[in-house]
Amino acid sequence: MAKVDIDKYPKASLDINIRWCKGCNLCVTICPKGILSLDELGKITVDKPEECIGCGLCEGTCPDFAIKVVKDA
Amino acid sequence: MPSDIIRYFRQETLPHIWCPGCGNGIVLRDFAVALEKLNYPRKEVAIVSGIGCSSRAAGYLDFDTVHTTHGRALPFATGIKMANPELKVFVIMGDGDASSIGGNHLIHACRRNIDLTAIIFNNYIYGMTGGQFSPLTPRNKRATTAPYGMIEQSFDICRLAEAAGATYVGRATTYHNQLLTRLIVEGSKNPGFSLVEAVTHCPTSYGRRNDLKTPTDMVRWQKENAVWIEKIRDGSASLKEEQFAIGVLHRHNAPEFTAEYLEVIKRARK
Ligand SMILES: Cc1ncc(C[n+]2csc(CCOP(=O)(O)OP(=O)(O)O)c2C)c(N)n1
Ligand code: SF4
Ligand code: SF4
Chain P
1 MAKVDIDKYP KASLDINIRW CKGCNLCVTI CPKGILSLDE LGKITVDKPE ECIGCGLCEG
61 TCPDFAIKVV KDA
Chain X
1 MPSDIIRYFR QETLPHIWCP GCGNGIVLRD FAVALEKLNY PRKEVAIVSG IGCSSRAAGY
61 LDFDTVHTTH GRALPFATGI KMANPELKVF VIMGDGDASS IGGNHLIHAC RRNIDLTAII
121 FNNYIYGMTG GQFSPLTPRN KRATTAPYGM IEQSFDICRL AEAAGATYVG RATTYHNQLL
181 TRLIVEGSKN PGFSLVEAVT HCPTSYGRRN DLKTPTDMVR WQKENAVWIE KIRDGSASLK
241 EEQFAIGVLH RHNAPEFTAE YLEVIKRARK
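Protein chains in written order, with my numbering: chain P, 1 to 73; chain X, 1 to 270.
No lab work stands behind these hints, which were simulated from the structure alone. Note that CB positions come from ideal geometry on N, CA and C, so glycine has one too. The reader is advised that the hints may include incorrect statements.
To be verified - Heads up, simulated BS3-like pairs for lysine-lysine below, C-alpha to C-alpha not over 27 Å straight-line:
1) X:Lys37 to X:Lys223
2) P:Lys11 to P:Lys71
3) X:Lys88 to X:Lys223
4) P:Lys43 to P:Lys71
5) X:Lys37 to P:Lys43
6) X:Lys141 to P:Lys33
7) P:Lys33 to P:Lys43
8) P:Lys33 to X:Lys223
9) X:Lys266 to P:Lys68
10) X:Lys37 to X:Lys189
11) P:Lys68 to X:Lys223
12) X:Lys141 to X:Lys189
13) X:Lys189 to X:Lys266
14) P:Lys68 to P:Lys33
15) X:Lys43 to P:Lys11
16) X:Lys88 to X:Lys37
17) P:Lys71 to P:Lys33
18) X:Lys37 to X:Lys141
19) X:Lys37 to P:Lys71
20) X:Lys240 to X:Lys141
21) P:Lys48 to P:Lys71
22) P:Lys11 to P:Lys43
23) X:Lys88 to X:Lys43
24) P:Lys43 to X:Lys213
Unchecked claim - Computed, partial: chain X to chain P, Cβ under 10 Å:
25) Leu14
26) Pro15
27) Asn24
28) Gly25
29) Val27
30) Phe76
31) Gly103
32) Asn210
33) Leu212
34) Thr214
35) Val219
36) Arg220
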């Protein structure tokens, strides 16, 4: 749902606390690269980790503090 | 959540009690980011809340916190601030808590301009008790007690606070994380009563009755209906139906209550 200039952002990886995820789908719909989804248990999965641009929108929208975006050095 | 912020939480209490997708967690995290930016010594911070889903927020934070009674967070906070004016006091309330049962306390806290920072989690209804309308439920929106739509006018809590004398008033949403954090930081630095309205979303009791079926629909609604106050002021935007202004909506200078009171003590002792 958000438009992001992808070249502005360094690559990053996602540090996920799966126990806190409640499967609300907010991160899935906000990710501008569409690389997140919910698995069969309704928990977040990162489908294409290599495509993460580190914009931080998922971290900012997750109501359950389950995602941390770690910028790659 | 950023690892350095998690130290502000009572981690053994997580995951929190809120429903999947509830915006309260987002407001809480933005508040914790503000606390990090403000960087007050932990012992100088007090966080007071009323009763409601949103008021549970205080209990998740590892500071001196008080979870008080419905509508009475401001009287407790006023007592804490008067007893120890050095403390940085934050007050967490729901829209029902702050504007209905606690409405009188709110206008007088504004009028006194006591140095508190109130954060109002506005989900437009009474979440905890099952979605009854509150004084902030917009006209025509449905609630369990307004199944055909709300027929009363709602308060604009920011304009109410401004009219009552609050010296810093701002509004942000759970979509506008950085703005929300900024308003809380500036509100805390303002020497007087600051009110920050955090428009949040309750998918369980509000969204599903008002054609916003998912948390994503609710956040999208915020994105589409929030208009920056700067754009309204310079005439490049105006508020259409359902829309509301975000940003720093008001600020002015006025004598602060605890400082005035300390002056009285000095005078009386002479
Ligand atoms: C004196 C008193 N009256 C009523 C209640 C019942 N009650 C609990 S929470 C609540 C309203 C919650 O709505 P709001 O303040 O908007 O917070 P939310 O749950 O939406 O975050 C009410 C009426 C109570 N706990 N105490
Ligand atoms: S936003 Fe958070 S809680 Fe919701 S699905 Fe994503 S990781 Fe899970
Ligand atoms: S009822 Fe609404 S406000 Fe309360 S926790 Fe659930 S979604 Fe959040």
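We went through each hint and held it up to the structure:
1. Between Lys37 (chain X) and Lys223 (chain X), the direct Cα distance comes to roughly 25 Å. Compliance with the 27 Å bound is thereby established for this hinted pair.
2. Between Lys11 (chain P) and Lys71 (chain P) the CA atoms are separated by roughly 6 Å; this keeps the pair inside 27 Å, and the hint holds.
3. With a C-alpha separation of about 31 Å, the suggested pair Lys88 (chain X) and Lys223 (chain X) falls outside the 27 Å cut-off, and the hint is violated.
4. Annotation: proposed proximity of Lys43 (chain P) to Lys71 (chain P) holds, straight-line Cα distance about 23 Å (limit 27 Å).
5. Proximity of Lys37 (chain X) to Lys43 (chain P) is assessed by CA-CA distance (about 31 Å); at most 27 Å being required, the pair is judged violated.
6. Between Lys141 (chain X) and Lys33 (chain P) the alpha-carbon distance is near 34 Å, which puts this suggested pair outside the 27 Å criterion.
7. With a C-alpha separation of about 18 Å, the suggested pair Lys33 (chain P) and Lys43 (chain P) falls inside the 27 Å cut-off, and the hint holds.
8. Straight-line distance between C-alpha atoms of Lys33 (chain P) and Lys223 (chain X) comes to about 19 Å, which keeps the hinted pair within the 27 Å bound.
9. With a C-alpha separation of about 51 Å, the suggested pairing of Lys266 (chain X) with Lys68 (chain P) is violated against the 27 Å cut-off.
10. For the suggested pair Lys37 (chain X) and Lys189 (chain X), the alpha carbons sit about 11 Å apart, so the restraint of at most 27 Å is met.
11. Of the supplied pair hints, the one linking Lys68 (chain P) and Lys223 (chain X) holds, its CA atoms being roughly 23 Å apart against a limit of 27 Å.
12. Under the criterion of a C-alpha separation no larger than 27 Å, the hint pairing Lys141 (chain X) with Lys189 (chain X) is inconsistent with the structure, at around 36 Å.
13. Distance hint between Lys189 (chain X) and Lys266 (chain X) is fulfilled; the C-alpha atoms sit about 25 Å from each other, no more than 27 Å.
14. Restraint check for Lys68 (chain P) and Lys33 (chain P): the C-alpha separation of about 17 Å stays at or below 27 Å, so the hint holds.
15. For the suggested pair Lys43 (chain X) and Lys11 (chain P), the alpha carbons sit about 38 Å apart, so the restraint of at most 27 Å is broken.
16. Taking the CA atoms of Lys88 (chain X) and Lys37 (chain X), the gap is about 14 Å. The hint holds against a cut of 27 Å.
17. Straight-line distance between C-alpha atoms of Lys71 (chain P) and Lys33 (chain P) comes to about 16 Å, which keeps the hinted pair within the 27 Å bound.
18. Proposed proximity of Lys37 (chain X) and Lys141 (chain X) is contradicted: the alpha carbons are some 37 Å apart, above 27 Å.
19. At most 27 Å may separate the alpha-carbon atoms for a hinted pair to count; Lys37 (chain X) and Lys71 (chain P) meet this at roughly 20 Å.
20. Distance hint between Lys240 (chain X) and Lys141 (chain X) is fulfilled; the C-alpha atoms sit about 16 Å from each other, no more than 27 Å.
21. With a C-alpha separation of about 16 Å, the suggested pair Lys48 (chain P) and Lys71 (chain P) falls inside the 27 Å cut-off, and the hint holds.
22. For the proposed pair Lys11 (chain P) and Lys43 (chain P), the alpha carbon gap of about 23 Å is at most 27 Å, so the pair holds.
23. Restraint check for Lys88 (chain X) and Lys43 (chain X): satisfied, since their Cα atoms lie roughly 9 Å apart, inside the 27 Å limit.
24. A C-alpha spacing of about 19 Å is found between Lys43 (chain P) and Lys213 (chain X), which places the hinted pair at or below 27 Å, so the restraint holds.
25. Against a cut-off of 10 Å between C-beta atoms, the interface hint on Leu14 (chain X) holds, since the closest Cβ of chain P lies about 6 Å away.
26. Given the 10 Å rule on beta carbons, the hint for Pro15 (chain X) holds: about 4 Å separates it from the nearest Cβ of chain P.
27. Because the closest C-beta pair between Asn24 (chain X) and chain P is about 7 Å apart, less than 10 Å, the hint holds.
28. Look at Gly25 (chain X): its Cβ gets to within about 3 Å of chain P, closer than 10 Å, so that hint holds up.
29. For the restraint placing Val27 (chain X) at the interface with chain P, the shortest Cβ-Cβ distance is roughly 9 Å, inside the 10 Å limit, so the hint holds.
30. Hint status for Phe76 (chain X): violated, given a least beta-carbon distance of 27 Å to chain P, over 10 Å.
31. With a cut of 10 Å, the hint placing Gly103 (chain X) at the interface with chain P is violated, because the nearest CB-to-CB distance is about 28 Å.
32. Of the supplied interface hints, the one on Asn210 (chain X) is violated, with its beta-carbon coming no nearer than about 18 Å to a beta-carbon of chain P, more than 10 Å.
33. Given hint, Leu212 (chain X) at the interface with chain P, is violated; its Cβ is 13 Å from that chain's nearest Cβ, farther than 10 Å.
34. For Thr214 (chain X), the suggested interface contact is upheld, since its CB lies about 7 Å from the closest CB of chain P, less than 10 Å.
35. For Val219 (chain X), the suggested interface contact is upheld, since its CB lies about 7 Å from the closest CB of chain P, less than 10 Å.
36. For Arg220 (chain X), the shortest C-beta to C-beta distance to chain P is roughly 6 Å, which falls under 10 Å, so the interface hint holds.
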